[in-house]
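A.B. asks: Chains as they are written, first to last, in the numbering used here: chain F, 1 to 494; chain C, 1 to 222.
None of these hints come from the bench; they were simulated from the model. On a predicted model such as this, the values are computed, not experimentally measured, just so you know. Careful: at least some of the hints might be erroneous.
[As the list claims (entries may be wrong)] Okay, derived cross-link-like pairs now, DSSO-like style, lysine-lysine, Cα gap no bigger than 27 Å in a straight line:
hint: 1; chain 1: F; residue 1: K157; chain 2: C; residue 2: K80
hint: 2; chain 1: F; residue 1: K157; chain 2: C; residue 2: K219
hint: 3; chain 1: F; residue 1: K157; chain 2: C; residue 2: K176
hint: 4; chain 1: F; residue 1: K384; chain 2: C; residue 2: K160
hint: 5; chain 1: C; residue 1: K189; chain 2: F; residue 2: K157
hint: 6; chain 1: F; residue 1: K304; chain 2: C; residue 2: K80
hint: 7; chain 1: F; residue 1: K233; chain 2: C; residue 2: K160
[Stated by the list, open to error] Listed next, with one range per pair, are the computed distances between beta-carbon atoms:
hint: 8; chain 1: C; residue 1: S221; chain 2: F; residue 2: L113; range: 47 to 53 Å
hint: 9; chain 1: F; residue 1: G148; chain 2: C; residue 2: S23; range: 33 to 39 Å
hint: 10; chain 1: C; residue 1: Y78; chain 2: F; residue 2: P201; range: 38 to 44 Å
hint: 11; chain 1: C; residue 1: D211; chain 2: F; residue 2: Q307; range: 22 to 28 Å
hint: 12; chain 1: F; residue 1: G148; chain 2: C; residue 2: Q57; range: 50 to 56 Å
hint: 13; chain 1: F; residue 1: H93; chain 2: C; residue 2: D211; range: 43 to 49 Å
hint: 14; chain 1: F; residue 1: W151; chain 2: C; residue 2: Q212; range: 56 to 62 Å
Every residue, glycine too, gets a C-beta built ideally from N, C-alpha and C.
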Amino acid sequence: MDPIALFLLSSGLFLGWSLGANDAANVFGTAVGSRMVRFGTAALICSVFVILGATISGAGAAHTLSQLGAISELGGAFAAALAAAAAVMMMTHYGLPVSTGQAIIGAIIGWNLFSGTQIDTSVLSKILMTWVLCPILSAIVAVALYRGTDWTLRRVKPHVLTLDAGARWALIVAGAFGSYSLGANNIANVMGVFMNSVQLPLLSLGLYTLSPVQTLFLVGGVAIAVGVYTYSKRVMLTVGQGLMPLSPVAAWVVVMSHSVVLFLFASQDLQTFLASHNLPTIPLVPVSSSQAIVGAVIGIGLLKGGQSINWRMAGRITGGWVLTPFISAAICLACLLVVQNVMRLPVHEAQRYELSEEVLHEARRQGVEVGALQAGRTFERADKLGRYLAQQGLPDEDGLNTLVSLSYATPMVVSHPEKTLPMLSALQLQDIRALHGAAFNHLWQLRQALEARSEHWRLREATPLNAEHNKYLETLFSKLYVEFKVKNRNGENL
Amino acid sequence: MIFDKIKNTLLVDSQRLRNDLDSYFDLVGDAGEVFACLLGQYMSTSSANPPFYASLQRLNEIELAADALRRGIETYVYEKTLIPDLRSDVLKMIEQLDTLINAQKALAISLEVEQPAIPEQFAPDFIALQQSVQKCLEHVVLASRAFFRDTAAVRDHCHKVIFCESEADRLCTDLKRAVFSSEEELSWKLHMRYFIERIDMVANRAEDLADQLVIFALKRSM
């Protein structure tokens, strides 16, 4: 990996560090603040489990983030991560509670606006929905868990000292689970933007070999762990006193609810399990651990009558949630301007949208009403094409989005897929060899050519049970597009 | 090794403290029993006698042992950061219980030093007052034990402490009235009043602790 790429990746590591410094406090804050668990113990457990969660289960939520904005140039990823980290630091400096997840989403939207990339509104609405759903779900889980624990303790009547020892164990276990979930869910916030732009090698750990993405997440996990060790102590000691005073058992309920909610939004295995038992599934989206904690505390506070909740603080927190994405998007736009014009680094690929005969034909085939649209026009940005299509009176937003996607043009020639080779089956490789030398102008054309070769390239019906297969194929296609793109002498995309 | 350390911290340490607390409560209860016995022995002859001295010696030993345990508990709780959310309440409770033992020991020494002449007709009233105080002590120890296990029972025991303290107050007033309406000298009457009030003071302190225990129990709820 060259030094410039390493330097650009540093903004992601900075974001990871700030996530470790701030969000680790959500997991172990009450335990350390109330002196139930020593900082050294908390930091060690938190670091180990964050790294494990990020490396083993990090990919689920990361996929959703890359769907919102597949930042393919390292300069863009650098600017987005730096903007998110700066937003987190700025908000923390002014004493406003902050969510790293919201900061990175805001930064990606900033990048989308800057590059003129089409924002996938369905993915964005899925993420926005979870920002509302996460604290509510966390509050519900906390109320149920609190009632259950209270009921059990009333019947068992443990000695205070037994309860104290039990609460310490429970806080450590819940903290470990919370750290794992934090790593699994939030690594996407830290390293998700680099997924399409940084290619790390396979990392062999003896019995187990880490994929390039897992290696990237391992690096991010280590950055989070450094944040935990170097800066989280102060935050941990102050957290938990702001919203409402909590007993150790209530603190355990809060951490456990937070962990359960983060796990629900990150676990691919759980989604498959729910789907296979015909149960409703939960979208895999990176959610804010701060939101989950606040939701759980407010849930318990409401259960107790609501008098002990510091509503002013709750209002400040909600205000911070609303402000963060906007501030982050604004900083990201400024960073992108600097990176592109001062550092002279590409922040996004040159884009071209062609309304060709093939595109219009394919659009009609997919049932899009294209009316009297004329073929032959090209556009440099998705938003310009969108405005043009809107002026032409295209009926619905779905049709408009489909046409924009179909008209994205990037010359590709099928060659030997060196980088993507580990992801391919023998039959898939055979299909690619059969197409060797074939040229395509649109992504969907390559896709259709491969789908026509064999069923190994075809998406299955969009059910949660097929989600993993479809996600694998989508990732594979996106890797192949990058690999087959025709490049100029300098190795830049045409 | 690290797991052994965690196990020690989380289980062995708390078990030791639990044993110490139980021993301490036993001593508070024993002190009440011994003092009741000691007062009865004094009444039987209206002066200090060998069984009285034996009880006084026993009370001294209890007080010393309770002091040593109290200091050990206080140090241990902070050293091992046990029950961080409750330790100030628990230590206050221990301190207050200690004042009950101290008050009884001080009263026993006063009896031995001052040798008050308690006429036979007042002896049953003194015994009744002491029995009421003794009940207060028993219930406040039960309430203290319940604080650690069953917060709902704390309220019940504290209610009984308050009831017994009222009874002790009534007996104390009746006894003082009887003493002051007698034909004895004023100096003797004042001397008697001093002892009657010192016995009743133990019940008052038990009531103060009971009031605090109710609040501690409320704070202890989840």
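A.B. asks: Each hint should be assessed against the structure and marked as holding or not.
C.D. replies: Here is how each hint holds up against the structure:
1. F:K157 / C:K80: At roughly 23 Å apart (the allowed maximum being 27 Å), K80 (chain C) and K157 (chain F) satisfy the hint.
2. F:K157 / C:K219: Holds, at about 16 Å.
3. F:K157 / C:K176: violated, 45 Å
4. F:K384 / C:K160: violated, 83 Å
5. C:K189 / F:K157: violated, 51 Å
6. F:K304 / C:K80: Given that 27 Å is the threshold and the Cα spacing comes to 31 Å, the pair is violated.
7. F:K233 / C:K160: Not OK: K233 (chain F) and K160 (chain C) at ~47 Å, beyond 27 Å, violated.
8. C:S221 / F:L113: 47 to 53 Å: Roughly 52 Å apart at Cβ, these two residues keep to the hinted range, so it holds.
9. F:G148 / C:S23: 33 to 39 Å: holds, 35 Å
10. C:Y78 / F:P201: 38 to 44 Å: violated, 52 Å
11. C:D211 / F:Q307: 22 to 28 Å: Once the Cβ atoms are compared, 23 Å apart, the range 22 to 28 Å for Q307 (chain F) and D211 (chain C) holds.
12. F:G148 / C:Q57: 50 to 56 Å: holds, 54 Å
13. F:H93 / C:D211: 43 to 49 Å: holds, 47 Å
14. F:W151 / C:Q212: 56 to 62 Å: violated, 28 Å
When held up to the earlier numbered hints, the structure conflicts with 3, 4, 5, 6, 7, 10 and 14 and fits the remainder.
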